[in-house]
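*Asks:* So the protein lines, in turn, are chains A and B. 1 is the number of the first residue of the first sequence in the working numbering; add one for each residue after it. 1 is the number of the first residue of the second sequence in the working numbering; add one for each residue after it.
In short, the hints are calculated from the structure, not lab data. Be aware that one or more of the hints could be misleading.
Pairs of lysine-lysine residues, derived as BS3-like cross-links and limited to a Cα-Cα distance of at most 25 angstroms, are as follows [stated by the list, open to error]:
no.: 1; chain 1: B; residue 1: K115; chain 2: A; residue 2: K424
no.: 2; chain 1: A; residue 1: K243; chain 2: A; residue 2: K166
no.: 3; chain 1: A; residue 1: K405; chain 2: B; residue 2: K54
no.: 4; chain 1: A; residue 1: K405; chain 2: B; residue 2: K32
Far from chain A, by Cβ distances over 12 angstroms, these chain B residues were calculated [claimed, not checked]:
no.: 5; residue: Q30
no.: 6; residue: E40
no.: 7; residue: K56
no.: 8; residue: A84
no.: 9; residue: G95
no.: 10; residue: K109
no.: 11; residue: K115
no.: 12; residue: R120
no.: 13; residue: N121
no.: 14; residue: K158
no.: 15; residue: N164
no.: 16; residue: E241
All C-beta atoms in this analysis are idealised placements derived from N, C-alpha and C, irrespective of residue type, glycine included.
Each chain, written out:
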Amino acid sequence: MQVLNNVKRALLGDVTQEKENPILERRYEEEPYSEPGKTEEFRKKILNASMQNLKSMQSKKNRPKAMAYFDKIVTGSREEEIKKSGKKVLGYFCSFIPEEILYAADVIPIRLCAGSFDTMDVAEGILPRDVCPMVKSSFGFKVLGLPLMELCEIAVVPTSCDAKKKMGYYLADYMPVWMLHLPHKKDSDKSVKLWLEEMYDFKDAVEKFAGKKISKKALEDSTKLLRKRTDAFRRFLELRKAKLIPISEKDFLLVVYVSFFDDAERWTKNVSLLCDEIEKNIERGIGVHSKDTIRLLLTGSATIWPNFKILDIIEKAGMAIAVDQSCVGTWHLYEPVEVEEYSLPGLMQAIAERYLSPSICPCFTVNDDRFDNLTELIKAYEVDGVIYHILRLCQLFDMEAETVKKILEKENIPMLKVVTDYSKEDVGQLSTRIEAFKEMILIREEGEK
Amino acid sequence: MITAGIDVGSVTTKCVLFDGKKVLGKALTQTKADPNLAAEFVYKKALEENKISKEKISFIVSTGYGRRAIDYGNTSVTEIMANATGAYWVGCPKGEIKTIIDLGGQDSKVIALEKGGHIRNFVMNDKCSAGTGRFLENMANVLGVSLEELGSFSLKSKNPIAINSTCTVFAESEIISLISKRAKKEDIIAGLHISISKKIVHMARELGVREPVFFDGGGSKNIGIKKALENALGVEIYVPENSQFIIALGAAIVAFKLATKQQK
């Protein structure tokens, strides 16, 4: 980069001295399409969808009492709390954004990936119909001026999949957007270097945004704080290995979803309390499914609150998800930042490593880590089958399905691929397939006996 | 002991009575708006026509998309399970069935069987109606031909026209424009069959096609589709007698197994 700049400087004079502004902003004079008059109506719709989920989740036997905290946060008070705090708020997408840097600058991070069916429709005025539901749903939040999107003064969008790349471009008509350059060949030295540079640039941008410098001390503290969060989360995941499934996938995903916008320290405390309770339940032989329930692994596209359609169907078919391999579940908080040297460069290095190389997002050209991780999870959580969930038009997960199918055939683990979206119209057909999958697993197990 | 299987499909509802060795009776009706009524109708019809009293039926299993919508039945199984069970029992002259293709009203599916008739894997179409009986029915309407005539029509074709859209809505306008260009009906119909078979072939490829291949469901009565599938897959396909009743039969067999278990 430096060499290139020197060449440019020699050719053009000192014009590149000033760092180019990486923030995308509105391209036109006129206001972009929005529906402020509908904000309240949709706020209610989204709350209703949340309440509906909670009602069914709360009615389940042996649900840990500590879940009450997460129920409260998901339907309530966080918006007001953030407003009152007076802090700067940054919204982001995907699982690549280093929250360590944000906490160090006293900025509140909110992950904006949305699972609301209701908000998709308004996005179609701008985005094409054939875009994945997650991107449309999230974009709709901005068009409708909904929380928590509305609290964010800036959005960070990694260049992960095509839909995200272009969504960032359109989102910039509404709010400043920083497109975080995510390399797509994650194991090459060039990529690692580029990513580290990107992390430094990101830190600069956050400092500018927050109006304060990030000291080594602040970054060390935030890294330690989030390390505690990861530790609590790993304990939670470990407990899910129990023979008697101790928590439903819906509850698990809710806990992770709440981490998207909750205060990290308070979240960690409450996950620890939840783990204490689950630990006791396991000791007492209390679980949320009966002993012989079929254990599944859910992999593929994100199942984001409140879109728990596929989970509903699996639950109704009488099966349980023991573990998921999802960027809104297991993978969002799993990786720890491993610091070798507590200096600013040491911290930055460790942070950069955490968010790139262990990632299992299918946006990477070669993604063997995902496949290795899948077989590890299958063994560790003793699953009987895999549900491969694809959101329609999520090409990357769709294209990796063939590879996963072959790997699972070798492992002799049955897999069911379902392609669906946020709408409810295919529930009947999905139910048939998932019930047939159950029948198939049962017959298999009978045969093995 | 006699058991019954009721297959509540999206277009037709079927009932089969079974005594562990042979089919004692069967009946079929259009499902229309009331699956429960259709189920009751076929069940009574099958009993009456074969002079079997209700009391003799020891177990009923329902299947098909409306399996839960009916008051009848002791339990239900999915049509995938019922299909595998029925097809395996009926068998095929070429030996143990390895692959089942089913073309129903709103579903099409491919099931791979392993030794003993157990389901190894299956693929089913998603919510889109492309590649299903419903698609054909719509196209037959546009062409002014009855569903039953489609097969024989297509055999007359020497130059099938490629229909590019598998979407029911787009295909309809594609066909209308072909009609206005005075394309031959048989060529359009043959093209439609190829288009449907392609969709099924994609599903079959996902599982890997292993012979012998068994073809059932309402669509299997259409010789044009059978031919198109054979061409595309490069294998011979076996269509059993009463191919529309295989799933109901499978449900009756499952019922028989369950009733036997219960007696023990």
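*Asks:* Next, verify each hint and record whether it holds.
*Replies:* Consistency of the hints with the structure:
| no. | hint | in the structure |
| --- | --- | --- |
| 1 | B:K115 <-> A:K424 | violated (37 angstroms) |
| 2 | A:K243 <-> A:K166 | violated (44 angstroms) |
| 3 | A:K405 <-> B:K54 | violated (47 angstroms) |
| 4 | A:K405 <-> B:K32 | violated (38 angstroms) |
| 5 | Q30 | holds (19 angstroms) |
| 6 | E40 | holds (21 angstroms) |
| 7 | K56 | holds (28 angstroms) |
| 8 | A84 | violated (9 angstroms) |
| 9 | G95 | holds (21 angstroms) |
| 10 | K109 | violated (9 angstroms) |
| 11 | K115 | violated (10 angstroms) |
| 12 | R120 | violated (8 angstroms) |
| 13 | N121 | violated (7 angstroms) |
| 14 | K158 | holds (37 angstroms) |
| 15 | N164 | holds (17 angstroms) |
| 16 | E241 | holds (25 angstroms) |
Hint violations for this structure: numbers 1, 2, 3, 4, 8, 10, 11, 12, 13, all remaining hints satisfied.
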